[in-house]
Amino acid sequence: MDHRLAFHNVVPHHHKYHRKTDLARFEFTYKAEVTSVYRLTEHENLYRIRILDNEDRKHFSFRPGQFVMLEIPGVGESPFSISSSPSNHEDIELCIRTVGNLTGVLSRAQRGMRIGIRGPFGTSFPMELMHGGNILLIAGGLGLVPLRSPIAHVQEHRSMFDQVFIVYGTKEPSQLLFKFQYEMWKKDDISLDIIVEKPDPSWTGPAGMITKVLEGIINSRDDAFIEKTHAIVCGPPAMFKSVCSMLAERGVPMQKMFVNLERRMHCGMGKCCRCNVGSTYICLSGPVFDYWTVMNLKEAI
Amino acid sequence: MLFRVFEKNELKSLFGLLAGKNTVVGPVQTDSDRNGKPIYAFDRVTDFGRLRIDYTTTKLPAKRFFLPYREEMASFKMSGKDWTKTVNYHMDRPCVLFGLHACDINALNKLDKVLMGSVYPMPSYAAKRLNLFIIGIGCDPQPFCFCRSMAADTVHHGFDLFITDLGEKYFVEILSAEAYEVIKDLRTAAPGEEDHEQYLRTAAERGKKFTARVDTTDLTKILDIEFQAPVWKEWGDKCLGCGTCANVCPTCYCYGVEERVDMSLQRASKTKTLYSCNLLDFAEVAGGHNFRSERSTRLKYRYYHKHRGFVEAYEESLCVGCGRCGEACLAGITVPEVISSVRGEE
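Heads up: the sequence lines are chains A and B, in that order. Counting in the numbering used here, the first sequence runs from 1 upward without gaps. Counting in the numbering used here, the second sequence runs from 1 upward without gaps.
Hints are computed from structural coordinates only; laboratory data are not their basis. The C-beta atom is built at its ideal place from N, Cα and C for all residues, glycine as well. One thing to keep in mind: the hints can contain errors.
Unchecked claim - Stretch-level coverage of chain B by chain A, calculated; a stretch enters the list once three of its residues show a Cβ under 8 Å from a Cβ in chain A:
#1 88-98
#2 120-130
#3 306-312
Said to hold, decoys possible - Heads up, simulated DSBU-like pairs for lysine-lysine below, C-alpha to C-alpha not over 30 Å straight-line:
#4 Lys31/A to Lys81/B
#5 Lys77/B to Lys58/A
#6 Lys209/B to Lys20/A
#7 Lys81/B to Lys298/A
#8 Lys221/B to Lys58/A
#9 Lys8/B to Lys58/A
#10 Lys221/B to Lys238/B
#11 Lys20/A to Lys85/B
#12 Lys187/A to Lys198/A
#13 Lys241/A to Lys233/B
#14 Lys113/B to Lys298/A
#15 Lys31/A to Lys77/B
#16 Lys58/A to Lys198/A
#17 Lys209/B to Lys298/A
#18 Lys31/A to Lys85/B
#19 Lys238/B to Lys20/A
#20 Lys241/A to Lys113/B
So that you can see chain B by itself, here it is in the shape it has in the complex (with noise of 0.2 Å):
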């Protein structure tokens, strides 16, 4: 690792760099909401005026860039009984993510795990994953963070370059070889004395800014011994079982498996959506037993996934506190709160 600072118009140089010979993708801001506040996302960047570093959250993760919604796994040819099967690798070319939070990466890094680090590797996921080219952006903790409380609130691998605004200047860790390659053509500047003291200000400053919190303390045995507290009940009583925090989670990874024969039946095609645990038929069997048929068991599920299975299998949660499904439900279940009444706070 190595550590440099660059003045802060190099930073249109570095996209420059990058944005020539590969694909970018970066925060923009795609509309305003009623309140006149900007509603980012990520997506692909040519123009280097249109990247937003400074955005606070995105609706969505940059999850489909490197799992996309719905995906084909293999293809089929037919012909009379017999077929072929041609699996899809899906070989993109590497993909610049530029200004990832470190929340994001930490997903990342959490999502190599079950897809890449465990028995069977996924194919589509691995090819996306080892040409992503990531340079993460210090962030501006919002009032529903609580990255801080899941150890995500700052990142140490799984990128190849990570900046931080030190405000007359930004300060940049350099992850990579390849990421090394790139800086040696931008105009940079060891840090002096009063860069580092700069930096852990900064550090210190955004620190102070987490307002949302939960307590990870003992959760896997309080998950465990709440398992059959009636407060599951009140917040299945609430869910509306649509799936929306699954879709805007950036670890969610669950998926539903689908073939379909063409017109013609010489053609069929295996595609895998992504699913989420709270839809109604996630654990339904054929002939329609339902093994998680209540709203409330499904949202315990989920709860019971990231914050006590995860930690039991990795050591850490699957949760990274970004707060997206909090911002997204349509009735206001948040983590830190259905969190603190599991655990008799309220």
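Next up, chain A with everything else stripped away, as it sits in the complex (with noise of 0.2 Å):
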């Protein structure tokens, strides 16, 4: 007798939201238009992304250090930090530079564009665990993108922290983002510095590496603010270790600083493993981590 062996179907077509071990998780895209591109500097735009499905976009939350993977059809897809607030439940904003194909395309988009959109993805920042204390946000170049969500956080939670800085350094003055938030960060009481290696005619504000400016604030205070401080730095390698090492060498403990690693990504889903460092998926364990972890990621740095 032949036996015809029992058939297991996979495809779901059930529910409609996905926990993390469903198989329709996998490809699942939030369709989503392009609201807005606002320009910030030459090479780097702000895109607002407005998820399409009315449910869909209340259910969609994020925590401050998360992305999102952001899908051009026939293009390509590539993993991007969220740039805005976890509260905004009606847009998320994406700042990107245009560097590469799908980038490009992303550039030359028309309000009304359609993209598609999966995640939220990987670790967090922990805020929760910062409140109560003071917190150095340091950024360098590019890294103020996905420093913006932490910066958001504090913000609307500004009582929960004591005394909050932001130290942001550029190679130049044209390349500095969001310009226009700094005065409402000064305003909710934040400290902010801004430094750039190759100052123009213009600028009037100092000059040099962004150890300078930090150098300056954390010598300058004692031991007792030392203890009670978190430091999320987000930037290049090299900037976020000599920033790191710097406040190790000052007393802060390296389970106390955060950083973000980033990495090219296919999934965003631990499966492609484009983004493995030693053998650690970013995606996954990432891209938030504390300095001690990423010091002994292999190759990290």
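Fit the two chains together into the complex; they arrive one by one in their own frames, and the hints show the way.
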């Protein structure tokens, strides 16, 4: 007698909202539209993106530091840190440098362009852990993009934090991002220090490496201040390494500093291996790590 | 689990019972090498006579039947500025893998952990994996097999039937209820005392045949300590960065995703293609920065993932010791040699 083997149908058909363990979650894309494109610098735009389905938009929630995969059908898909406040359930904002194929197409986007969003993915900055203390928010270059989300959290929960500092360094004044927000940050009693490496004639602020400003801040504070301080450091590896070692030297423990890593990703879900450092999936175990963990990842820096 | 024995000519009946209504994939001889030795491959088999369950190994694993080289993940239909996305689950009919060696079944079990067991299970893999009926078969260890060192020379789960040749008859381990239903239609007998003894003798004989070895004692620590060792540079200089090792590996699952638009601009597809961490652009990001631009760092990363990272995550290595990568490597790089040099054993 011939045996016809039982057929296991894995195609999900019954529910709309997906847990991380559901097969339907893997390729689930929120259809979204670009509602505005705000030009920040010559190479960077701020894209405001709105998930079209009303229910989905209400349910979409993320934490500061998490990322989404942005897909343009037929062009490709790439990971981007979410750069807006987690409490805004209407739009999410992505600040994107025009550097490759997908971002090139995106830079020509018109309002209303339909894109796909998957996520949110990855770990986040443990903001609640930092409540009650001081916080140093340090960004180098494009690092301000993922940092803007924790900054928004701090602004919305200002009473939960004691002293708050933003230290931001870029190469040139023309590369400064989110200039329209600087005054608002200051009004929320957040100290803001900006330093550029190569000043132009119009620049009146300090010039040099970011550690120069940071040094002034931490060295003029007492041990009691350092004891209740957390730091979030976003930027290129060379930058966060020098910043974190300076903080470590001043007495900030490595597990109280958080950094964010960026790698090539093709899935965001711990499958494609493209983001692996050593053999840690940046998409699952990261992109946010404490500094101790990053120092223990082989080749991370 | 249930054990039975059956006469050798009953194997053809087993094939017949399954091949009538299902796809059967098994080892066949496709060619001979220049020394006249047969070259085997996994292929669809409809005729029992073509099946070569006495095969030594195959150049390529059976991966293409559950993790194909290229696969469409989703397609898009575009109209104006709008589009719709359709996910392709690749729902195939059940497939019988007839004659997998223990190493290859262990490889599937390891893939299950990453692709189905953790968060975000992969539907295209799950669709195929859950529809596999696996018949394992005992093997004759080859000079390049180091599966015993990787604890992958025997397999405890992940199959339906496992057949061992006792010389006069076959000894079969029945693991699934579905397999039991099939075996019921075969002329089998309960194994006697002498069958058990013969089974143990066969296993002991086979154990003696393993020649290649990898010392995995404290390997995770050694890999950490020797991360900057100069041997990596030496192997990196030999490596061609061609990715053949990943292609022939039964457990390599990494991939790249590409999207294409068709000429009418009305359809697009999202395709995944198996990749290799030894290829130059594996970790290159937009803007051109490459996190692993050296061949040696890419080769090291591959060993690190297989023998260190996977152990950290799942308490076992991602390598099953099938030896295919060493046999296929154009530069003659083999796992036992690399590991032994990292251990400083030369």
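Going down the list of hints, with the structure as the test:
no. : hint                 : in the structure
1   : 88-98                : holds (count 5)
2   : 120-130              : holds (count 7)
3   : 306-312              : holds (count 4)
4   : Lys31/A to Lys81/B   : holds (12 Å)
5   : Lys77/B to Lys58/A   : holds (26 Å)
6   : Lys209/B to Lys20/A  : violated (45 Å)
7   : Lys81/B to Lys298/A  : violated (44 Å)
8   : Lys221/B to Lys58/A  : violated (47 Å)
9   : Lys8/B to Lys58/A    : violated (64 Å)
10  : Lys221/B to Lys238/B : holds (25 Å)
11  : Lys20/A to Lys85/B   : holds (20 Å)
12  : Lys187/A to Lys198/A : holds (28 Å)
13  : Lys241/A to Lys233/B : holds (26 Å)
14  : Lys113/B to Lys298/A : holds (23 Å)
15  : Lys31/A to Lys77/B   : holds (13 Å)
16  : Lys58/A to Lys198/A  : violated (44 Å)
17  : Lys209/B to Lys298/A : violated (38 Å)
18  : Lys31/A to Lys85/B   : holds (9 Å)
19  : Lys238/B to Lys20/A  : violated (42 Å)
20  : Lys241/A to Lys113/B : violated (34 Å)
Hint compliance for this structure: hints 6, 7, 8, 9, 16, 17, 19 and 20 are not met, and every other hint is.
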